[in-house]
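Undergrad: Taken in sequence, the protein lines are chains A, B, C and D.
559 is the number that the numbering used here gives the last residue of the first sequence; the numbers go up by one with no jumps.
214 is the number that the numbering used here gives the last residue of the second sequence; the numbers go up by one with no jumps.
243 is the number that the numbering used here gives the last residue of the third sequence; the numbers go up by one with no jumps.
420 is the number that the numbering used here gives the last residue of the fourth sequence; the numbers go up by one with no jumps.
Hint data in this document are derived by calculation from the structure and do not stem from the laboratory.
C-beta atoms are modelled at their ideal positions from N, C-alpha and C, and glycine is treated no differently.
Among these hints, one or two may not hold up.
So these bits of chain B aren't anywhere near chain A, every CB distance computed over 10 Å [as the list claims (entries may be wrong)]:
1. His75
2. Phe109
3. Ile191
Calculated lysine to aspartate or glutamate pairs in the EDC-like style (CA-CA distance at most 16 Å, straight line) [said to hold, decoys possible]:
4. A:Lys487 / D:Glu313
5. C:Lys196 / D:Asp196
6. C:Lys68 / C:Asp91
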Amino acid sequence: MRVKKFILADIQKIAETEVDFQRAYKYRINVCCSSGCIPLGALNLLKTFEKLIKEQDVAEECLVARTGCVGTCSAGPVVVVESGGYIYQNVTPEKAKKIVIDHIVLGLPVKSLLYESKVFLKKQHRLVLRNAGKIDPYRIEDYIATGGYSALVKCLTRKSPQEVIDEIRISGLRGRGGAGFPTARKWSFVARDHRSPKYIIANLDEGDPGVFANRTLAEADPHALIEGLLIAGYAIGAEKAFIYTRAEYPLAIDILEKAIKKSEELNILGKNVLGTTLNFDVELRLGAGAFVAGEETAIIASVEGRRAMPRPRPPYPATSGLWGKPTVIQNVETLANIPLIIQNGGTWFSKIGTPKCTGTKCFSLTGKINNPGLIEVPMGIPLREVIFDIGRGIPDNRKLKAALIGGPSGGCLPDILLDSSIDYESLETVGAIMGSGGIVVIDDQSCIIDTAKFFIDFCVSESCGKCTPCRVGLLKIKEILEKIIQGNGRIEDVELLSKLSTFISETSLCGLGQTAPNPVLTTLRYFKKEYLEHLYENFCTANKCFKKKEILRIG
Amino acid sequence: MIKLTFKKKSESFLSSQSMVYAPLKKPKVLISMGLKNDKRLLKLERFLKKMEYKGSALLEILHKTQEIYGYLNEDVLKYVSEAIELPLSHVYGVATFYSYFKLKQSGEHVITACMGTACYVKGVEKIISAIEKRFCVKRGGSTADGKLSLFITRCIGACAIGPTILIDDNVVGNATKDIVLERIASTLESEKIYTCRYSKNS
Amino acid sequence: MSENKKPTLAIIWFSGCSGCHMSFLDIDEVLMELAKKVQLVYSPLIDVKDFPNQVMITLIEGAVTNEEQLSMLKRVRAGTDILVALGDCAVTGNVAALRNAEIDGDFAVLKRAYVDTSYHNPQIPKGVPKLLKRVYPLHEKTTVDYYVPGCPPTSDNILYVLTELLAGRAPQMEKISKFG
Amino acid sequence: MDDEPIELIIDGIQVSAVHDATILEVAKQYGIYIPTLCDLEGLTSFSGCRLCLVEIRGSPKLYPACTTPVTSGMEIITNSEKLKEYRKICLSLLLSERTHVCSVCIANNNCELQDLSNKLGVDHVSFERNWTKHTIDSGHDFLVIDRNRCILCTRCIRVCQEIEGAHTLDLKNRGKDSQITIDFDALWGDSCSCTACRKCAKVCPTGAIYIEDELISKTKDKNVVSFLLKRRMYK
Chain A
5 MRVKKFILAD IQKIAETEVD FQRAYKYRIN VCCSSGCIPL GALNLLKTFE
55 KLIKEQDVAE ECLVARTGCV GTCSAGPVVV VESGGYIYQN VTPEKAKKIV
105 IDHIVLGLPV KSLLYESKVF LKKQHRLVLR NAGKIDPYRI EDYIATGGYS
155 ALVKCLTRKS PQEVIDEIRI SGLRGRGGAG FPTARKWSFV ARDHRSPKYI
205 IANLDEGDPG VFANRTLAEA DPHALIEGLL IAGYAIGAEK AFIYTRAEYP
255 LAIDILEKAI KKSEELNILG KNVLGTTLNF DVELRLGAGA FVAGEETAII
305 ASVEGRRAMP RPRPPYPATS GLWGKPTVIQ NVETLANIPL IIQNGGTWFS
355 KIGTPKCTGT KCFSLTGKIN NPGLIEVPMG IPLREVIFDI GRGIPDNRKL
405 KAALIGGPSG GCLPDILLDS SIDYESLETV GAIMGSGGIV VIDDQSCIID
455 TAKFFIDFCV SESCGKCTPC RVGLLKIKEI LEKIIQGNGR IEDVELLSKL
505 STFISETSLC GLGQTAPNPV LTTLRYFKKE YLEHLYENFC TANKCFKKKE
555 ILRIG
Chain B
13 MIKLTFKKKS ESFLSSQSMV YAPLKKPKVL ISMGLKNDKR LLKLERFLKK
63 MEYKGSALLE ILHKTQEIYG YLNEDVLKYV SEAIELPLSH VYGVATFYSY
113 FKLKQSGEHV ITACMGTACY VKGVEKIISA IEKRFCVKRG GSTADGKLSL
163 FITRCIGACA IGPTILIDDN VVGNATKDIV LERIASTLES EKIYTCRYSK
213 NS
Chain C
64 MSENKKPTLA IIWFSGCSGC HMSFLDIDEV LMELAKKVQL VYSPLIDVKD
114 FPNQVMITLI EGAVTNEEQL SMLKRVRAGT DILVALGDCA VTGNVAALRN
164 AEIDGDFAVL KRAYVDTSYH NPQIPKGVPK LLKRVYPLHE KTTVDYYVPG
214 CPPTSDNILY VLTELLAGRA PQMEKISKFG
Chain D
186 MDDEPIELII DGIQVSAVHD ATILEVAKQY GIYIPTLCDL EGLTSFSGCR
236 LCLVEIRGSP KLYPACTTPV TSGMEIITNS EKLKEYRKIC LSLLLSERTH
286 VCSVCIANNN CELQDLSNKL GVDHVSFERN WTKHTIDSGH DFLVIDRNRC
336 ILCTRCIRVC QEIEGAHTLD LKNRGKDSQI TIDFDALWGD SCSCTACRKC
386 AKVCPTGAIY IEDELISKTK DKNVVSFLLK RRMYK
């Protein structure tokens, strides 16, 4: 059976039908079924709710939907009852019954089970995550009903590719993958190139331990990503996109696969998109556990089926990328911003955040914090507000020792620097990086050297082994740190560490090696006292080290 | 002190000469590998056809192989390399580069401990050492009887409920040493996959 | 060190093959001139019990392999102005350190020497100083002032270093260094 | 326009170069020395050893001379104090990575790593050295690979792939565990694709790949690649 070929106007129709369909229900129970809540029994909960509304005979006025991440992962499983946005935390089947009877049948929200969400949501600015926790990722209609794919329609009907790029330029959008390269500039490089084919790669390979923003995004709102890819493809003239994702994300893979399939059915992807002349294909490519594959040139190697080893730039992927063709590599979060910018205009977007860093940024807030989860804040917000207001501080009233921002190759910032604002430039001046957006909070029970060693350890195991500084240098740093931790350190080790770290960051081939020594450099800068205490006094504030002491060094 | 490996040329090595010099006809390889009645191989062959025997799809093919066989079997990889006309060393290099691919068969039950930052900060290390001690298994290896394997992964993305341990496919969130050890023990004893849903309040 | 006294020189032999000493003796006739300039206060051939104090230059051949050498090194460092690591063993560990590749290298070495190759009454004797788990080049256990690599370093290089040091100049080691 | 030579300055010397030339090629033409280890004329650049890094005035970054193309008006510094220091650290790291004991190495006095260490003045290795126990494969009739002396420059891999075309050698594992693999981790004697052309032994900068019972000074031949390429052009 051939499905009817959809055209531009159909998007509007689908939206209207879906809105009407949803309006018929008084309540909507959104059960968060993201990777954070599923281990806590969210799928079971979904079934319980479906059963309950039938039992209570409210199926006609209440809709139960599975959604992506609400963001309050520590309180999982999370259920949101619309309208009104009542977030229920730690929901069990018993509590579910109470919710259905009290809230849905009687119309009285169960106050004792509600999540204290005021500050958590107030300080946030959810743009990219606008649909997270609100729509069903498996249903394209749900996305279209919230205005999805209308930006694509707008582009295809009213904007030339150049106008799309101009709009992005006005918005000031910068790549969210870490380095913060202006997106419009990247696009215009490729758009100017007249060779074809051109490619787009969406980078969903966030290998940073403790970072899950991109995964959550893809799990909650896959079509925003696809729409972003389509607009990008239209703007630069590419007809093929790859979504490069981690194989460790089975749920995201499943959702994306189904989303791509559904879009193809509706003629949103494929030949003659929505009846226009645009041809566009999206293919899912699985990574296989290599952190370095997040690097531009390594991701290309990996998509080509080779070892993900970076190569020196120039030539940049924009001129010689996938199979030597012009290629744009874009982070998933960046792409999810695109439909919004087209819909609301670049000027609107440029007013959010700081003048140099516009827009918002997603952060995974983890570690020793009361309220871990996924958040989205405007650029320029002070780190302190993120940790103490949105994250509600450190458990057991302990003292914050450091906040690690930017993943394993980020920087460890001490308490005094928490007032620095979150944007690319400010973070760079204090020695951290934006990275892919991970904030890990460390309290005074952790030894700062042990923490630095953990990150170096990670980079050692993820280094591709191509260039000497990264392959051997990081290993040596790790060995020196191990020696200090065991109590066998030498006084000159501190100097050797900083010398070696600077050497590695200046001479390494790719971003992994260049940023890998950051934890050591920043801890040396802000926590030198602890290093010296370890070396001179064999004293560790966290009381973790010196389990394997050797003969003391002499002379 | 340095180990010297010295081995005479083996005669029985999978008719090695024919692998290189025989014209690259795909069905012939099937026979030469002695695996022609293997249904799993036929499944893989179908996937290869779908991928049009393209070398650039190597990662996809390796994923599929691992999905079908549970690990990357050496003979199968040789077959793959022949089929998509890539050098053996290249296939081996790619398979060993990515940590997701396993070249050894893992135990009946697989414990995967998340070593992401969040889990590390929350003390997953202690749990891992406890597992190692209790079940006599080293990280990255299997027990002697092949019942249990212990692997470390970078991050399964469930950071907010860390530390997390995967027992087969079941995630144990907010794990503690006692809970994990008990779960593994019962998994091994009952030989049934223990459904472990963890709820804080129940 | 008083002005009228000759500068003092000490030469020490740790775990090495004595090749560096041979190379030192290869300076040949210049040795006589050298003897006029310095006073040799400690060497494998000089029978003094304790390492003297305030030695100007000490050349050490060989790597640190046992506890006796480790304490000796401590003593030497305390009593020396300029410590020179002579030869690859002292600088990098070299052949002596090859046993570091084994986990039980110390035991393996003793076993090989006293048990495997012995036909008569094979046993590890008790009197041998306890071997360290690892073999260390000098600079991993103390501060070394100059390195003269080479296996052995050429006699010219040794002479050059000594002449420069005696003349109160810092030898430009980077120009003459050579491993192996 | 593109055919006009580019003018640039290397170490204060005014030089001209053709388009697409790399800094290293230009420097070589003018006899300006830039140390290299993984680079070999005729093979594709690998840019792994990081010895050939140079400074370009006006940029805080360091650039690998072997892959960075020259542009007009560039001002290149090849031997600043910082670069000298970094090259020494780089060599120290390579020396400390595996068991490099010159006195018992077959390539003693014929080793590029040793030569460079001497030339650039590495007189000791300040890092603790790793004493590795990687396998030595002497199963082939005459080719031997000792992975304890390998510096992962991948010259052998590239020559095998690009010049000989057999692609017997490749890298396996990653990071600090990277090794040279022969076919499917086979022993060399069992290799079904090796043509025994000896080119890998000829281009190996250290004593990692050598030919049994042959003087290493006779084996080593850095020019074999450019020689073969020239012969191939000759019709």
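Undergrad: Does each hint fit the structure? Answer for all of them.
TA: Each hint tested on the structure:
With 10 Å as the threshold on Cβ separation, the claim that histidine 75 of chain B sits away from chain A is violated: the shortest Cβ distance comes to roughly 5 Å. The claim that phenylalanine 109 of chain B lies off the interface is violated: its Cβ sits roughly 4 Å from the closest Cβ of chain A, which falls inside the 10 Å cut-off. At roughly 13 Å from the closest C-beta of chain A, the C-beta of isoleucine 191 of chain B stays outside 10 Å, upholding its exclusion from the interface. Of the supplied pair hints, the one linking lysine 487 of chain A and glutamate 313 of chain D holds, its CA atoms being roughly 11 Å apart against a limit of 16 Å.
Proximity of lysine 196 of chain C to aspartate 196 of chain D is assessed by CA-CA distance (about 49 Å); at most 16 Å being required, the pair is judged violated. For a cut-off of 16 Å, the pair hint linking lysine 68 of chain C to aspartate 91 of chain C is broken: about 25 Å separates their Cα positions.
In terms of the numbered hints stated before, the structure departs from hints 1, 2, 5 and 6, listed from lowest to highest.
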